[in-house]
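Protein chains in written order, with the numbering used here: chain Y, 1 to 222; chain H, 1 to 661.
None of these hints come from the bench; they were simulated from the model. Do not take every clue at face value.
[To be verified] Now the stretches of chain Y that chain H is said to cover, found in silico as 3 or more residues with beta-carbon under 8 Å:
1. 66-78
2. 92-106
3. 121-130
4. 139-152
5. 169-177
Please read all numbers here as calculations on a predicted model, not as lab measurements. The beta-carbon is built from N, C-alpha and C at its ideal position, and this holds for glycine as well.
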Amino acid sequence: MRRTTLGLIIVFALIAAACVAFGAYFSYVTLINAHRGVIEARCGIAAQRVVDVAEKAASLGIALPAQQALTAVLERETRVEDAIRSMDLTDEHGIVLYSSEPGRVGLDTTRDNERGLTRPVRNDIGQSLGRVVVRYDTKILTDGASALASDLRRISLPTLLWAGAATLVIGLLLAALLQRAVRRAAEPHLWPPAARAALASVEEAHRTSQSPPAGATGGGAA
Amino acid sequence: MIGLRGGISIAIVIILCSALAVIGWGAEQAAQRTIAPEIVAKANSVGRAAADLVQRAAAVGVPFDRLVGVNRYFDDLRAANIEFTQISLNAAGGKELARSGEASPGGDAPRVFVPVEDADGHRLGDVMIVVDPSVVSQQVGAVLVDVAFIGIVALLVALELVALVVGTRGLESLVAVERRLKALKRGVLSRQEGGAGAAGDLILPIDRHVETLAERHLALRAEAERRGDGEAIARLDEIEVRTGLGRVQAAESEAAIAVRPALFLFMLAEELTRPFLPRAAQALGVPAGFGPDLSASLPIVAFMAVVALCQVPFASLSERLGRRPGFLAGAALAAAGYVVSAISPHYDVFLAARVATAVGYALVFVSAQGHVVDLSSGAARSAALAVFVRAIMVASLCGPPIGGVIADRLGPGVAFGTSAGLALVALLVARLTLPAAERHRSVANVGLADLKAAARAPGLMSLLLGCAFPAKFLFAALCFLLVPLELQREGFSSAAIGRFQMIYPVLMVIGVPFFAALADRFSARAGFVVAGGLVSGIGAMAVLLHPSVALIVVALVALGWGQAMSIASQSALVADTATSMGAGRAAGVLGLFRLVERSGNAAGPASAGFLLSTLGFASATGFLGAVAVAGALLFALSGRRIFVHHSRRPSSAAASEGSSA
């Protein structure tokens with residue numbers, strides 16, 4: 001019985017702790033995703049500005065390889081946005097045509113292991129002409145992730161311990177109350193009020209239902 | 001007295017909710033420190049892009065204060081950046097030239113100002129963006145709500161599987177102690193049936209006192225009878241009724257306890273699929289000649305129809321195979337069905353997988369029910385069936401929110417895979433807990449002739465067609481198809497849809513015992529059946545007034561409340577009819593009841609799929625509600641008296657399968 005009670009309490013305490021841990025982890029993942037989303041949205045805005053320029057020139061009949069001014073546009077956007085490390089404009093096969101880092105021109109980005117944020121460049125009828133590829137500083141992401149993890153850890157660990165401990169304490173308290181109730185139930189004078197009242201009414205009914213004393217039947221003869 | 005399990009459960013719910021609230025607060029603080037500055041930087045980028053566009057317009061000669069289309073441009077920006085509550089273009093003098101959204105006045109939300117300049121560098125005005133960083137906190141809040149639901153559901157799952165965790169003997173001893181203490185708390189002095197497990201020493205003193213009183217009571221009554229003392233006999237009988245002295249309180253059926261964990265796990269596997277099944281079916285592509293709504297409904301219809309049709313033949317199959325082999329075979333087949341559902345890229349294969357799952361489901365259901373019926377009798381059978389139904393109801397309560405969260409975060413394939421895993425775990429648990437019963441070679445089962453004879457029972461068909469069929473028809477249509485599809489259209493996640501689907505079982509769990517007791521007290525079972533049909537039907541019809549999430553909730557609440565009112569009374573009326581038909585024909589009545597209920601389960605989604613594609617959500621729901629109302633009225637007018645007490649048998653939901661398929 002004691003082992004069962006303890007087993008139950010430990011199982012329930014583990015459930016409580018596991019749920020708190022899940023909650024903290026899911027919160028962390030949500031915050032990380034939100035953080036990444038904000039950073040990528042910022043870089044995406046810069047990429048979209050380059051796309052707008054390239055598409056406008058293309059609509060005027062200037063092919064991408066002839067849009068020499070794009071190098072300056074890429075350099076300007078990279079300077080303006082702190083998070084961006086470099087920006088490329090590739091053709092539809094992934095070959096870098098222009099870049100904020102001149103050394104990258106001519107590279108094949110399909111063989112590039114480092115994946116960046118991309119935005120497509122299309123002509124007026126929606127055909128793909130190429131892509132703007134933004135490589136942002138992943139340190140911003142890792143710094144943000146570690147700051148978020150540290151903040152959440154500071155609040156989650158004590159909460160997790162508290163939840164597990166509180167469940168254990170309440171469980172042990174309830175078990176002690178149960179044990180006390182069992183001890184008291186062994187003594188009818190310590191039974192709960194409803195049971196004592198029932199017992200009293202049973203005793204009363206039994207007393208009044210017993211056979212009358214032998215003398216009582218002829219009691220009125222005199 | 002709530003008992004150890006109940007007490008810890010309540011404590012955990014409170015602890016969990018408060019702990020998650022603390023984590024939510026911590027997450028908001030972390031977001032304010034780390035993410036809010038990034039959102040402000042993003043607002044600066046967006047502001048620069050907008051200012052650049054305005055400057056270009058100014059550069060080509062468009063007067064700054066007569067720009068057109070700026071409001072729409074700002075609307076698009078806000079739609080793409082939900083953290084921005086307001087974007088404005090203000091002239092240098094402060095005059096507002098364009099605006100999208102409205103920040104709450106006097107708030108301390110961060111504001112970003114990006115100057116707009118002409119070609120000479122003179123400031124023309126500003127683009128102002130008001131940022132609302134609490135959007136991230138709202139996302140965290142939504143995640144924590146998911147986690148809270150998972151926690152509470154995990155608790156319910158733990159309570160269902162507690163016998164597996166602490167062992168049947170350990171649980172038996174805890175139950176034995178708690179039952180005796182609860183009885184004393186209520187002033188009940190009856191003997192308690194059932195094993196004491198390891199708690200023999202603890203409960204012995206209590207049992208000895210009660211036993212001594214009962215023996216003395218019996219002796220006194222015998223003595224009073226011997227001497228013909230009517231007054232004393234009446235007094236002793238009255239005290240016996242009042243305190244339960246000398247009576248025996250039935251314990252939970254061992255057969256039901258044995259099958260409960262396995263059945264719960266298996267039912268949980270199917271219930272996981274409820275919130276995302278229509279969406280998953282649609283995602284596989286629409287077959288030729290089908291609209292998206294019909295393609296979503298067909299797998300549900302096929303499942304329900306197969307379960308309905310297999311019910312009668314599988315009763316004899318499961319007896320011939322043996323209950324345990326029947327359960328194991330059904331669980332294995334269903335698990336295979338879930339695996340194929342998870343990996344199938346084609347609609348036809350998916351449909352076939354759902355049919356295989358349905359065959360397995362029907363075999364498991366019939367085998368588990370047969371196990372309980374085989375190993376119980378009389379009043380204990382009702383109690384055992386009630387435990388059986390409770391396991392199914394708790395599964396229908398726990399499954400949808402968990403399935404929704406898994407489908408949202410890991411995809412429907414993983415959710416189907418989880419169902420397969422649960423079905424296999426159920427198989428293993430059944431193998432460990434169910435006894436290897438004997439096979440029966442020649443068994444008499446319900447046949448067509450029995451069903452025909454049952455259909456001639458007075459008043460039965462009006463009850464079945466007027467109330468039992470429409471109840472399941474409306475339930476399956478609304479909960480399994482219409483509500484998930486409509487909420488999906490409204491943009492709700494599978495997890496949120498799963499939470500909506502919890503409304504019905506929660507109300508059933510709370511309401512069924514309450515309304516069963518009321519119906520018995522007022523001797524008005526037929527009245528409660530009619531009222532329940534009307535409440536659930538009118539609730540669905542209310543959606544016609546103004547299709548909205550609020551009225552969908554109203555419809556679900558009315559459905560749960562209405563069916564809680566009617567289901568126990570309806571089952572009791574059917575059981576009364578079965579009893580009145582005599583022992584030989586009772587099985588036919590119950591078989592017909594099952595068949596009609598399950599036909600409603602299959603017909604509901606089929607009709608809903610058709611109506612949804614032709615009339616739309618509100619009209620389809622209203623129409624199905626009208627069917628339930630018409631059925632209830634038909635039953636009321638059929639001649640069965642509304643206020644009549646049929647038997648002393650207490651109403652219970654044991655004769656129905658609650659929300660299950």
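Consistency of the hints with the structure:
Proximity of the region 66-78 of chain Y to chain H, defined as three or more residues with a beta carbon under 8 Å from a beta carbon of that chain, is not established by the 0 residues found. Beta-carbon proximity to chain H at under 8 Å applies to 0 residues in the region 92-106 of chain Y; the threshold of 3 is not reached and the given coverage is violated. Counting residues of the region 121-130 of chain Y whose CB lies closer than 8 Å to any CB of chain H gives 0, which falls below the minimum of 3, so the coverage claim is violated. Residues of the region 139-152 of chain Y with a Cβ under 8 Å from some Cβ of chain H number 5, which satisfies the need for three, so the listed coverage holds.
Here the region 169-177 of chain Y counts 4 residues with a CB under 8 Å from a CB of chain H, which clears the bar of 3, and the coverage holds.
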